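Trainee: Residues per chain are reported as follows:
Protein chains: 2
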Amino acid sequence: MRKVVFYGAISLDGYLADKNDDLAWLFDTNTNDNSTYPAFIKEVDTLVMGRITYQETIKLLNGEPFYPDKEVFVFTRDSRNDFENIHFVNENPAIFINTLRKKAGKMIWIVGGGNLLQPLLAANLLDEWWIQIAPVLLGKGKRLFQNGNYFNRLDLIGTTHFGDFIELHYKN
Amino acid sequence: MRKVVFYGAISLDGYLADKNDDLAWLFDTNTNDNSTYPAFIKEVDTLVMGRITYQETIKLLNGEPFYPDKEVFVFTRDSRNDFENIHFVNENPAIFINTLRKKAGKMIWIVGGGNLLQPLLAANLLDEWWIQIAPVLLGKGKRLFQNGNYFNRLDLIGTTHFGDFIELHYKN
Chain W
46 MRKVVFYGAI SLDGYLADKN DDLAWLFDTN TNDNSTYPAF IKEVDTLVMG
96 RITYQETIKL LNGEPFYPDK EVFVFTRDSR NDFENIHFVN ENPAIFINTL
146 RKKAGKMIWI VGGGNLLQPL LAANLLDEWW IQIAPVLLGK GKRLFQNGNY
196 FNRLDLIGTT HFGDFIELHY KN
Chain Z
46 MRKVVFYGAI SLDGYLADKN DDLAWLFDTN TNDNSTYPAF IKEVDTLVMG
96 RITYQETIKL LNGEPFYPDK EVFVFTRDSR NDFENIHFVN ENPAIFINTL
146 RKKAGKMIWI VGGGNLLQPL LAANLLDEWW IQIAPVLLGK GKRLFQNGNY
196 FNRLDLIGTT HFGDFIELHY KN
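Respectively, the protein sequence lines represent chains W and Z.
First residue of the first sequence? That's 46 in the working numbering, and the numbers climb one at a time after it.
First residue of the second sequence? That's 46 in the working numbering, and the numbers climb one at a time after it.
Simulated from the structure, these hints should not be mistaken for laboratory data.
Keep in mind that this is a model prediction, so the values were computed, not measured.
Be aware that one or more of the hints could be misleading.
Intra- or inter-copy, both count: the list cannot distinguish identical chains.
[What the hints assert, rightly or not] Keeping only pairs whose Cα atoms sit at most 25 Å apart, straight-line, the calculated PhoX-like set for lysine-lysine is:
(1) K185 with K64
(2) K185 with K216
(3) K104 with K48
(4) K147 with K64
(5) K48 with K64
(6) K148 with K185
(7) K185 with K151
(8) K147 with K216
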């Protein structure tokens, strides 16, 4: 079975983005030109995200192709036609991911946001986590961990310190 | 001016306690008989906490004296008489702490919970943070970081790994 993983940065107070989906606070955080991302992304062939994360990623890519060597699934209630490597999905996320992870392939990256993660957490579908914590208190925004019905104890695998970030690595 | 600090453990999803104020998930987390607490508490002479944190701490102390060598301030809307080293306070927390920190003494420990921290964060009164993260996802409970009107960038001073905890140390 393929691993289903989360990899991403949050503020110290637990937000993926501020209340306007802005990430300036994140890009203002020094990485020291160092990151675990290049090694991580090599192990991934599939990205899964919610509609807002998709739209914000398009803005960040600024015209560049959208992860052209990966398969991308975007959860949305709108009906949209797939194009190139992007598939729009209007299904139960937990059932969809549970099916997807049984197909052959590399890791499945749950990019976000919290709305999409919540049902996957409730179904205990996350195998591994890399969470980079930026030393910022935002006060409000889009939380990575929304309220949900689950309890789960993980194993701390290790930490990586780069620039002003501390990355926490956990396995389920 | 005395330092106003937070020291305490949260779940990976950001909770100080579960929704029933239970801490079993925390006490089930291995410390390897190691902790930064003994060194920390030596530098503290004053504890500040909300009413629920106070009541839950009494339960945990199970009849032992309540930090007998420290001065303790408990924020509560109930009118209560002080006894021994415990002072009950029904004032604006930010104004109270801002006055308290100007008096001579050691560090002031904001024990919690999130309700008390929120106005102190909004007034930018926290100088230093030691946050121990337990590898647990609770799904719901009492959040350390409640919504508030603030933005603050901290400095990551370092991390300490003990047992299944990772402690993050920040300065304002």
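Trainee: Pop the pair K147 and K64 into one bin, within, between, both or neither, using alpha-carbon distances up to 25 Å.
Mentor: neither (35 Å within a copy, 35 Å between copies)
Trainee: Can you tell me if K185 and K151 fall within 25 Å by alpha carbon in one copy, between copies, both or neither?
Mentor: This pair counts as neither: shortest intra-copy Cα distance 35 Å, inter-copy 32 Å.
Trainee: Within a copy, between copies, both or neither: which one fits K48 and K64 at a CA-CA cutoff of 25 Å?
Mentor: neither (30 Å within a copy, 31 Å between copies)
Trainee: For K148 and K185, with the copy left unspecified, which applies at a CA distance of at most 25 Å: within, between, both, or neither?
Mentor: Neither: 38 Å inside a chain and 32 Å across chains, both beyond 25 Å.
Trainee: How would you label the pair K147, K216 (within, between, both, or neither) given a Cα cut-off of 25 Å?
Mentor: within (19 Å within a copy, 45 Å between copies)
Trainee: With identical chains treated as interchangeable, where does the CA-CA distance between K104 and K48 reach 25 Å or less: within a copy, between copies, both, or neither?
Mentor: neither (28 Å within a copy, 42 Å between copies)
Trainee: Could you figure out if K185 and K216 sit no more than 25 Å apart (CA to CA) within one copy, between two copies, both or neither?
Mentor: between (28 Å within a copy, 20 Å between copies)
Trainee: Pop the pair K185 and K64 into one bin, within, between, both or neither, using alpha-carbon distances up to 25 Å.
Mentor: Both, since 6 Å and 21 Å are each at most 25 Å.
When held up to the earlier numbered hints, the structure conflicts with 3, 4, 5, 6 and 7 and fits the remainder.
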